[in-house]
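Visitor: Chain by chain, the residues:
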Amino acid sequence: MRPNSLIKLVRLQLRRDRRGAFSSTFGIAMGIASLVFFVALGLGVGRVVREKIFPVDSRLVDVVPSQLAIGLFGGGKLTQDAVDRLAAIPGVERAYRKMSVRVPAVSLYDGDFFGRRLRMGIEVIAVGVDPDFVRADVKLGDFSDPGPGKPIPTIVSSRLLEIYNKTFAPARGLPQLSAQMLVGFSFPVDFNRSYVAVVAPGPVTSTQLQVAGLSERGVLAAATVPLDVAIRMNQAANVDAETFTGVSLQAASPSEVPTIVAAVKEMGLRVDDQDRRMSENAGAAVAITTSAMALLSALICLLAAFNIAHALSAAVRARERELGVMRAVGASQRDIFGLVLAEAVVLGVGGGVAGTLTALLAALGVDMLSARVLPQFPFKPDTFFLVPPWLPLLGVGLGVLAAVGGAWLPARRAAQVDPARVLAGQG
Amino acid sequence: MITTEALTRGYDDGARGRVRVLDGVSLQVAAGEFLAVVGRSGSGKSTLLHVLGGLDSGFTGEVTVAGTRLSGLGDRALAKFRNESVGFVFQSFHLIQGLSALENVALPAAFAANDADEARAKEALARVGLGEKTERLPSQLSGGERQRVAIARSLFNKPRVLLCDEPTGNLDLQTADEVIGLFKSLNQDGLTIIAVTHEDRLRAAASRVLMLNDGRLAPHPDPLPRGGEGDR
Ligand SMILES: Nc1ncnc2c1ncn2[C@@H]1O[C@H](COP(=O)(O)OP(=O)(O)OP(=O)(O)O)[C@@H](O)[C@H]1O
Ligand SMILES: [Mg+2]
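Protein chains in written order, with our numbering: chain A, 1 to 427; chain B, 1 to 232.
Hints in this document: simulated from the structure, not taken from any laboratory. Backbone N, C-alpha and C fix where the C-beta goes; we use that ideal spot for every residue, glycine too. Please note that the accuracy of each hint is not assured.
From chain B, some residues computed to sit far from chain A (all C-beta separations above 12 Å) [unchecked claim]:
#1 Asp-13
#2 Ala-15
#3 Thr-47
#4 Gly-87
#5 Ala-109
Straight-line distance between alpha carbons at most 25 Å, and here's what the computed SDA-like set of lysine to any residue pairs gives [unchecked claim]:
#6 Lys-158(B) x Arg-334(A)
#7 Lys-380(A) x Val-196(A)
#8 Lys-8(A) x Pro-138(B)
#9 Lys-133(B) x Gln-13(A)
#10 Lys-8(A) x Arg-136(B)
#11 Lys-8(A) x Leu-141(B)
#12 Lys-52(A) x Ser-370(A)
Hey, can you work out the whole structure from these sequences and the hints?
Guide: Here is the structure:
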């Protein structure tokens, strides 16, 4: 059948049955709209979980010492020796050491805090890391030990900043801070001093911490400082300056992670996968909810397909003579089958496009409403939706699929209409 | 132009078993003939036309029309045959509502391999005397005009055989006469015509009349004189 003739005949039929065409398209649009909406929502929320709430680097394995000293080598402690062996595990690209400053510390802030007067004392935990671990996020200096008495460069967790901005600051009337504002900011800290813990006898070291950058890799509730600073502090306080609190192994690729985890356990060390598990659980919850909603939407599409099947069956019955005439002037059964399917394709494309557009508009509306009406909360995203380029294509494709699926049997019936039966006689 | 041999077409008819509507029909039609087929209702006249026109493939026997052997042809080959070699004219016109006269006439082009165009449709409409009404919808035409559009459609692909099933059955006397005149003129131009009819005047226009009875064709026992419309 010639394409332009096909188009003409399809248009004729759709024009003649506007109500039917509209109802068929509307049904598909409903199904596709809810499908696209919920899939975009699921993907969007999944992204927020993955990238903002639990930004797990899929290539990192966090190794911590075993609590029980049963390992063959070094009794499950993270000595330099153990670190070297970890770094030698096949698939490990880098091993980043971490060591807590093992004396308590406090910060007593009394002065101007970004235009607000602030007087506050808090306990500070400092963790030293291999500088390369956070190198990419260092905005000030080279993140190395500046030596005694000099301000210590510090990386702040970007998640901590988010929590501060969304809950801590509003509750205490403190100003909102951005990463740029924070870089360069200094605050005093006294090591070997605590408001709550018992402190070892020894001198108090007073110094300054200076923010050198913000990083996802910063330890959440701690000041992340250069490893050498932690070693120096621990040596000065006469506490353990030999074993590490943790090691982050960077795999060459995410697929190597399971074998690396197995090797680490083999060595009698533990893997801290709390974040990873939380992320996976949250991700799974989102995925399950999304799947359920998508299934529901697919059901709507199925109903739409039945609706189309019903409408087309009636239309085919009403058009038997006309289809017979086409056969008489040279249409094959395949031509007739194709004609009815082509009508369905048009309905499917129409419904798919309308549904997808509706979903995208609804998503935009939800985001706008969220921005205006919902209160600020940590990790509140600008958008709850993620629309990858394949999603609209999927929407339109499924619309066509539903329409064609519904049209299949009526089209077969149309092709099987016996022209000899419908053409003879009067009427 | 048309040859059939031992053409048999039966239907399963519940209690009566298999009923042979056509029972060993042998028919020879020369090019340029104008054949009328008569017979009482239910005698199988329409069935015969459908077989000859490739609309019904459930027959046995040999059928050759315009050089195409129809026995055993598949659906697509039959469709091509209907498109190119024969034209159908039905009692109730069967125009497609919503398409203009011109578009109706050009309908065969939709299923054609060649690229026949509007000019051909205009030509066909002019041939049936409707050159001025190309844009009318079927609902805006009289019965006679509708049948002439249908005839133009059957002529569109320049077939060699025209198969007409009671073509004047839905027309009043005067328009029927016009249509019969049109058939005569087409026949004079060389078109082979087979017309199934109850109508004496159409029968009289034919060059030969056959009667279908008990599944067989026989010469009509009471032939009217040729061109005898005015004689009754
Ligand atoms: N699809 C079919 N199934 C069963 N029987 C059929 C079928 N088509 C036709 N018949 C039977 O075949 C016989 C011939 O039918 P046909 O339509 O050819 O008659 P006809 O001579 O054209 O009659 P009329 O003058 O009333 O148009 C009839 O008895 C009819 O009932
Ligand atoms: Mg009949």
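Visitor: Do the alpha carbons of Lys-8(A) and Arg-136(B) lie within 25 Å of each other, as the hint requires?
Guide: Holds. Lys-8(A) to Arg-136(B) sits at ~17 Å (cutoff 25 Å).
Visitor: According to the definition I'm using, a residue is off the interface if its beta carbon is farther than 12 Å from all beta carbons of the partner; does Asp-13(B) meet that for chain A?
Guide: holds (15 Å)
Visitor: Going by Cβ atoms, does Ala-109(B) stay more than 12 Å from chain A at every point?
Guide: violated (7 Å)
Visitor: Quickly compare the C-alpha distance for Lys-158(B) and Arg-334(A) to 25 Å and report which way the hint goes.
Guide: Within the cut-off at roughly 24 Å; holds.
Visitor: Does Val-196(A) lie within 25 Å of Lys-380(A) when you go C-alpha to C-alpha?
Guide: Distance ~34 Å between Lys-380(A) and Val-196(A) Cα, so the pair is violated.
Visitor: With 12 Å as the threshold, tell me whether Ala-15(B) passes as away from chain A on beta-carbon distances.
Guide: The claim stands: Ala-15(B) keeps its Cβ more than 12 Å from every Cβ of chain A (closest is about 21 Å).
Visitor: Next pair to validate is Lys-8(A) with Leu-141(B); report whether the Cα-Cα distance is within 25 Å.
Guide: holds (22 Å)
Visitor: Verify this label for me: Thr-47(B) is non-interface relative to chain A, using a Cβ-Cβ cutoff of 12 Å.
Guide: violated (7 Å)
Visitor: Given the hinted pair Lys-8(A) and Pro-138(B), is their alpha-carbon gap at most 25 Å?
Guide: The hint holds at about 17 Å.
Visitor: Find the nearest Cβ of chain A to the Cβ of Gly-87(B) and say whether that gap is larger than 12 Å.
Guide: violated (8 Å)
Visitor: Compare the distance between the alpha carbons of Lys-52(A) and Ser-370(A) with 25 Å, and conclude whether the hinted pair is satisfied.
Guide: Given pair Lys-52(A), Ser-370(A) holds - Cα atoms ~17 Å apart, limit 25 Å.
Visitor: Is the Cα-Cα distance between Lys-133(B) and Gln-13(A) 25 Å or less?
Guide: holds (23 Å)
In this structure, the hints that do not hold are numbers 3, 4, 5 and 7, in rising order.
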